[in-house]
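Asks: Each chain, written out:
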Amino acid sequence: MANIELRNVVKRFGALEVIRGVDLQIEHGEFCVFVGPSGCGKSTLLRMISGLEDITGGEVLIDGKPVNNVSAAERGLSMVFQSYALYPHMSVRQNLSFGLENVRTPKDVIDAKVRDVATMLQIDQLLERRPKELSGGQRQRVAIGRAVVREPLGFLFDEPLSNLDAELRVEMRGEISSLHRRLGNSMIYVTHDQVEAMTMADKIAVLRAGLVEQYGRPLELYNRPANLFVAGFIGSPKMNFLEGRISADDPAEIVLDSGERLRVPAGKFSGGPDQRVTIGIRPTDLDLSGDGIRLDVGGVEQLGGESHIFGTTADGRKLTLHTQGQTPVAIGEEIRISVPSDRMHLFDTQSGKTLLSE
Amino acid sequence: MARIVAFLTRTRAGKGRMDWTDWVTYGYLLFGIVLMFGPVAWLLLSSFKTGAELERFPPRLLPVAQDTLVVEGYDEPLPLFKMIAGDQEGRTLAQIRRVGLIAQMVDPAEPETRLKVNVADREPIERIAFAWSNYTDLFERLNFPLYLWNSTAITLTATAIMLVINSMAAFALSKYKFRGKLTVLALVIGTLMVPGTVLLVPTFLLVSQFGMVNTLWGVIIPGAATPTGVFLLRQYMITIPDEILDAARMDSASELKIFWRIIIPLSAPAIAVLAILAIMWRWNDFLWPLIVLSENDKFTLQLALNSFQGEFLTEWEKLLPATVLTLLPVAIVFMFLQKYIATGIASTGGK
Amino acid sequence: MLKLLNPIMRLVEIPFLLVQKRLGIGMTAWLFLAPNLALFSLFTFLPIILNFSYATTGGEAILLRDRPDVGFQNFGNLLECENVLDPSSCRNDLFWRAVWNTVWFVVFQVGIMVIAALATAIVLNRKIRARGLFRGVFFFPVLLSPVVVALIWKWILQRNGLLNAGLESLGFETINWLIERHWAFFWSTFISIWAHMGFYTLILLAGLQAIPQDVYEAALMDRASPWRCFRKITLPLLSPTLLVVLVLALIKGVQTFDEIYAFTGGGPGSATTLIMQFIYETGFGVQPRLLGVAAAAAIMLAMVLIFLTALQFWINRKKVDG
Ligand SMILES: Nc1ncnc2c1ncn2[C@@H]1O[C@H](COP(=O)(O)OP(=O)(O)OP(=O)(O)O)[C@@H](O)[C@H]1O
Ligand SMILES: [Mg+2]
Numbered sequence: 014m015a016n017i018e019l020r021n022v023v024k025r026f027g028a029l030e031v032i033r034g035v036d037l038q039i040e041h042g043e044f045c046v047f048v049g050p051s052g053c054g055k056s057t058l059l060r061m062i063s064g065l066e067d068i069t070g071g072e073v074l075i076d077g078k079p080v081n082n083v084s085a086a087e088r089g090l091s092m093v094f095q096s097y098a099l100y101p102h103m104s105v106r107q108n109l110s111f112g113l114e115n116v117r118t119p120k121d122v123i124d125a126k127v128r129d130v131a132t133m134l135q136i137d138q139l140l141e142r143r144p145k146e147l148s149g150g151q152r153q154r155v156a157i158g159r160a161v162v163r164e165p166l167g168f169l170f171d172e173p174l175s176n177l178d179a180e181l182r183v184e185m186r187g188e189i190s191s192l193h194r195r196l197g198n199s200m201i202y203v204t205h206d207q208v209e210a211m212t213m214a215d216k217i218a219v220l221r222a223g224l225v226e227q228y229g230r231p232l233e234l235y236n237r238p239a240n241l242f243v244a245g246f247i248g249s250p251k252m253n254f255l256e257g258r259i260s261a262d263d264p265a266e267i268v269l270d271s272g273e274r275l276r277v278p279a280g281k282f283s284g285g286p287d288q289r290v291t292i293g294i295r296p297t298d299l300d301l302s303g304d305g306i307r308l309d310v311g312g313v314e315q316l317g318g319e320s321h322i323f324g325t326t327a328d329g330r331k332l333t334l335h336t337q338g339q340t341p342v343a344i345g346e347e348i349r350i351s352v353p354s355d356r357m358h359l360f361d362t363q364s365g366k367t368l369l370s371e
Numbered sequence: 432m433a434r435i436v437a438f439l440t441r442t443r444a445g446k447g448r449m450d451w452t453d454w455v456t457y458g459y460l461l462f463g464i465v466l467m468f469g470p471v472a473w474l475l476l477s478s479f480k481t482g483a484e485l486e487r488f489p490p491r492l493l494p495v496a497q498d499t500l501v502v503e504g505y506d507e508p509l510p511l512f513k514m515i516a517g518d519q520e521g522r523t524l525a526q527i528r529r530v531g532l533i534a535q536m537v538d539p540a541e542p543e544t545r546l547k548v549n550v551a552d553r554e555p556i557e558r559i560a561f562a563w564s565n566y567t568d569l570f571e572r573l574n575f576p577l578y579l580w581n582s583t584a585i586t587l588t589a590t591a592i593m594l595v596i597n598s599m600a601a602f603a604l605s606k607y608k609f610r611g612k613l614t615v616l617a618l619v620i621g622t623l624m625v626p627g628t629v630l631l632v633p634t635f636l637l638v639s640q641f642g643m644v645n646t647l648w649g650v651i652i653p654g655a656a657t658p659t660g661v662f663l664l665r666q667y668m669i670t671i672p673d674e675i676l677d678a679a680r681m682d683s684a685s686e687l688k689i690f691w692r693i694i695i696p697l698s699a700p701a702i703a704v705l706a707i708l709a710i711m712w713r714w715n716d717f718l719w720p721l722i723v724l725s726e727n728d729k730f731t732l733q734l735a736l737n738s739f740q741g742e743f744l745t746e747w748e749k750l751l752p753a754t755v756l757t758l759l760p761v762a763i764v765f766m767f768l769q770k771y772i773a774t775g776i777a778s779t780g781g782k
Numbered sequence: 093m094l095k096l097l098n099p100i101m102r103l104v105e106i107p108f109l110l111v112q113k114r115l116g117i118g119m120t121a122w123l124f125l126a127p128n129l130a131l132f133s134l135f136t137f138l139p140i141i142l143n144f145s146y147a148t149t150g151g152e153a154i155l156l157r158d159r160p161d162v163g164f165q166n167f168g169n170l171l172e173c174e175n176v177l178d179p180s181s182c183r184n185d186l187f188w189r190a191v192w193n194t195v196w197f198v199v200f201q202v203g204i205m206v207i208a209a210l211a212t213a214i215v216l217n218r219k220i221r222a223r224g225l226f227r228g229v230f231f232f233p234v235l236l237s238p239v240v241v242a243l244i245w246k247w248i249l250q251r252n253g254l255l256n257a258g259l260e261s262l263g264f265e266t267i268n269w270l271i272e273r274h275w276a277f278f279w280s281t282f283i284s285i286w287a288h289m290g291f292y293t294l295i296l297l298a299g300l301q302a303i304p305q306d307v308y309e310a311a312l313m314d315r316a317s318p319w320r321c322f323r324k325i326t327l328p329l330l331s332p333t334l335l336v337v338l339v340l341a342l343i344k345g346v347q348t349f350d351e352i353y354a355f356t357g358g359g360p361g362s363a364t365t366l367i368m369q370f371i372y373e374t375g376f377g378v379q380p381r382l383l384g385v386a387a388a389a390a391i392m393l394a395m396v397l398i399f400l401t402a403l404q405f406w407i408n409r410k411k412v413d414g
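Protein chains in written order, with the numbering used here: chain X, 14 to 371; chain V, 432 to 782; chain Z, 93 to 414.
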């Protein structure tokens with residue numbers, strides 16, 4: 014039985030349909046990340062799970078029980094907000110104990126729990142301070158502590174790290190992950206940073222415009238994106254896309270719009286003759302050696318350890334290529350690159366769906 | 432203003448460190464102090480003068496009283512004079528009585544001999560003396576404590592009620608989405624446009640229907656739900672992030688607890704401003720109490736002061752200290768809270 | 093202090109929680125709104141409606157059911173006039189005297205007060221020592237009660253008062269300030285300006301402080317004289333605030349009652365009787381109490397005020413948009 018389950022969940026604000034039928038299952042102890050572009054409905058979905066937002070249609074279940082009509086207070090989840098949402102007029106200690114007081118916990122129990130959580134999160138020196146007297150990272154810890162201290166069934170995080178600077182973000186990322194390992198609760202984590210998603214998640218749900226585009230393990234999403242959107246969204250640097258059609262005579266050959274031809278492994282993809290397709294290939298997978306497609310080099314970035322080459326194909330598409338080490342390629346040069354057929358992704362151009370067979 | 436324009440149109444700048452505009456500035460400020468503060472200072476000084484001194488024309492700046500001395504053989508203390516001309520020049524004498532231009536005097540050193548002197552030859556011996564009795568009389572002989580109590584009761588009760596219900600309403604209108612919210616908001620904005628002063632007649636009917644005429648409640652209740660207060664607080668509460676409320680909801684707080692433990696403490700600055708304003712409004716309120724309270728023993732300070740005018744038309748020695756006592760609380764509050772009051776009044780657009 | 097009330101809140105919370113569970117969070121808003129809205133409906137919305145009932149009924153009774161319907165007679169009573177410029181030709185001459193008194197009062201009071209407030213704000217906005225103190229000096233009369241203001245000035249203006257003493261020491265005749273009608277009107281206007289100027293000064297000062305300093309520095313580099321700075325920079329940039337102040341002062345000015353009533357009682361004769369005093373005295377002062385006439389006058393006053401307030405909202409919106 015899944016810990017948190019969504020069944021065809023729908024949310025409308027007036028006439029605007031923001032969540033358009035989401036099905037998800039989050040198992041016990043799983044770390045699930047919602048990613049997607051800004052405005053796609055991640056926060057809304059999270060708030061529907063938390064109980065802060067009404068559910069227009071469908072069902073949310075926690076431990077198998079429908080909770081549509083259970084208030085946020087009684088769902089047994091806790092949440093960490095993007096702005097931390099600490100109570101500004103309360104000390105750290107009061108911030109941590111407020112929730113426990115609300116459920117009539119005895120005073121000595123509160124004290125003990127607050128002490129434990131503060132020690133765990135290394136904020137035990139800060140208990141008498143007000144939120145305004147804390148640094149960003151410390152505030153973040155307090156916000157997490159406030160969620161932890163109530164020993165919830167699950168945690169909800171809404172972009173908790175987006176207010177931190179880059180260095181601190183990396184550090185907190187590690188801490189949240191290790192917190193997850195230690196507590197073993199289910200966590201749902203919203204972000205639009207796909208590095209966070211890839212590094213922290215057990216499972217990622219990629220959302221777009223109120224729909225889940227793909228739900229799976231991080232590397233599954235990386236290696237076998239279900240559609241063009243996920244392919245473009247997951248992975249950094251971004252995947253390159255070329256357009257063409259499947260050759261009329263040979264199903265394992267693709268004719269690019271520039272007239273150049275590419276071979277794909279026979280049987281790996283389905284697709285009929287003359288079908289328009291989009292080829293996806295990650296910049297790190299392209300190969301400088303060989304005699305593949307032509308590229309007019311428009312820019313070169315030499316980072317020492319690696320090099321980025323930006324160019325235009327014969328049919329005018331932008332293409333990026335990352336290679337290890339330093340490169341002799343110069344701006345204005347015309348080079349040939351090869352596209353390894355086993356690293357290639359193929360999508361139906363019209364529907365955007367992957368053509369991967371099986 | 433005319434002076435400023437005259438100066439402003441002059442083009443050549445003066446030499447020296449002080450620009451001519453600085454002279455104008457400080458001149459204006461000095462003039463301002465005299466004009467704005469002078470009358471109050473004059474009231475304060477005058478309130479300590481004895482009845483006789485108040486009638487004196489032209490008046491003198493400081494409250495003074497004539498020196499008196501108990502002379503052997505006379506029951507009452509006698510007023511002292513210094514002789515400045517005539518036979519007795521240079522001596523200090525006490526006056527027994529005065530008949531026309533001649534006064535019967537006595538030297539305190541030799542109380543048996545009576546002297547007759549011309550009143551033009553003498554000058555009273557005076558010293559600065561504050562007639563505190565003007566103030567004590569207010570409490571001992573007039574109903575002043577009662578009026579003070581009425582005013583205080585009305586001010587405190589009305590302010591408390593107003594703060595509670597206005598902050599509740601402001602919370603609802605700033606932090607909830609509910610059907611009919613826009614209608615309520617529009618109604619409240621609409622009534623901002625209709626000042627209470629033009630609703631005197633029907634409001635009086637309602638107050639009399641509830642049997643509140645001539646009661647302090649009749650003054651307190653009708654003005655408690657001010658749109659101004661709701662707006663001031665709402666504008667402030669809107670700036671409290673919704674996420675904090677959501678966090679509290681996740682922390683199992685009831686909506687009432689959110690209001691009480693989160694919203695109220697966080698709105699404290701705005702509530703303080705409103706409290707000060709409300710106290711000022713209620714303390715100074717005049718027209719509505721004038722209509723509702725018709726019996727003397729229910730009067731507020733303001734009403735009493737206004738009616739003193741008629742009763743004691745010439746008895747300034749009662750009226751002036753009563754005025755001082757009425758403005759005193761406001762002055763004290765103002766001294767300590769000038770900044771809050773100024774910003775508060777500026778942000779509500781007055782009353 | 094709030095802590096003391098915590099036990100009470102605990103008790104209140106119990107029924108509140110029940111309702112919250114029943115009705116959901118959205119509906120709790122109505123719980124918070126209820127007390128304010130109840131008082132509001134009772135003492136603001138209802139009176140607005142009742143005002144019309146009073147205005148169309150006559151007699152002296154307070155209860156509406158005891159009042160005979162008279163249609164628009166009350167308005168007729170007020171408006172019937174051969175020549176509105178000459179109050180003695182009107183059926184209700186006191187009303188028209190009050191109207192014209194109010195018009196002149198507002199013209200002088202608002203005109204002079206806004207100019208004086210502007211001058212004061214400009215002075216206070218300069219680099220001066222002890223600005224807070226001076227701001228306080230100009231502002232504090234705003235907080236005095238109208239009766240206190242009236243008495244302060246009555247004491248100065250009385251026959252044996254400070255002002256007459258000053259006049260006499262300069263060799264002039266003393267004047268009975270509050271008994272001569274033109275002087276009474278003058279001083280009524282004056283004390284009203286004295287009492288309220290600080291408020292408008294404060295608003296204008298805020299407006300001035302919002303003008304960026306570098307504009308003046310640029311003008312200084314252009315060798316602009318102070319007068320030109322004022323005309324070409326201060327006035328145009330301050331004009332939205334100035335307009336708001338003007339309209340606000342008009343709205344308040346038209347409703348002036350307290351300080352003048354306590355100061356002159358409307359006299360001598362009706363020389364300083366303003367429209368609010370007319371309404372008060374017609375409805376509540378002298379017998380017979382003509383509540384209907386008072387309500388009718390209040391409705392006419394309300395229309396003027398609503399017009400002015402709408403103007404203010406419009407200006408405010410333009411200010412925000414602009
Ligand atoms: N209360 C609301 N009323 C109407 N529309 C809303 C409301 N809340 C959110 N929306 C809309 O719903 C959509 C999804 O919003 P949501 O906040 O869930 O996006 P998000 O994925 O969290 O974006 P971000 O990454 O920027 O936080 C947006 O188009 C937003 O405009
Ligand atoms: Mg979001």
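Treat the hints with care, as some may be off.
To be verified - Covered stretches of chain X, as calculated for chain V (at least 3 residues, CB under 8 Å): (1) 83 to 89; (2) 96 to 104; (3) 110 to 117.
None of these hints come from the bench; they were simulated from the model. Remember, it's a predicted structure, so these values are computed and weren't measured experimentally. For every residue, glycine included, the Cβ atom is placed at its ideal position computed from N, Cα and C.
Asks: Within the stretch 96 to 104 of chain X, is the number of residues with a Cβ closer than 8 Å to a Cβ of chain V three or more?
Replies: Since three or more residues must qualify, the claim that chain V covers the stretch 96 to 104 of chain X holds, with 6 doing so at under 8 Å.
Asks: For the stretch 110 to 117 of chain X, do at least 3 residues have a Cβ located nearer than 8 Å to some Cβ of chain V?
Replies: holds (count 4)
Asks: With a Cβ-Cβ cutoff of 8 Å, does the stretch 83 to 89 of chain X contain at least three residues near chain V?
Replies: Contact hint for the stretch 83 to 89 of chain X vs chain V: holds, 4 residues under 8 Å.
Taken one by one, the earlier hints all hold for this structure without exception.
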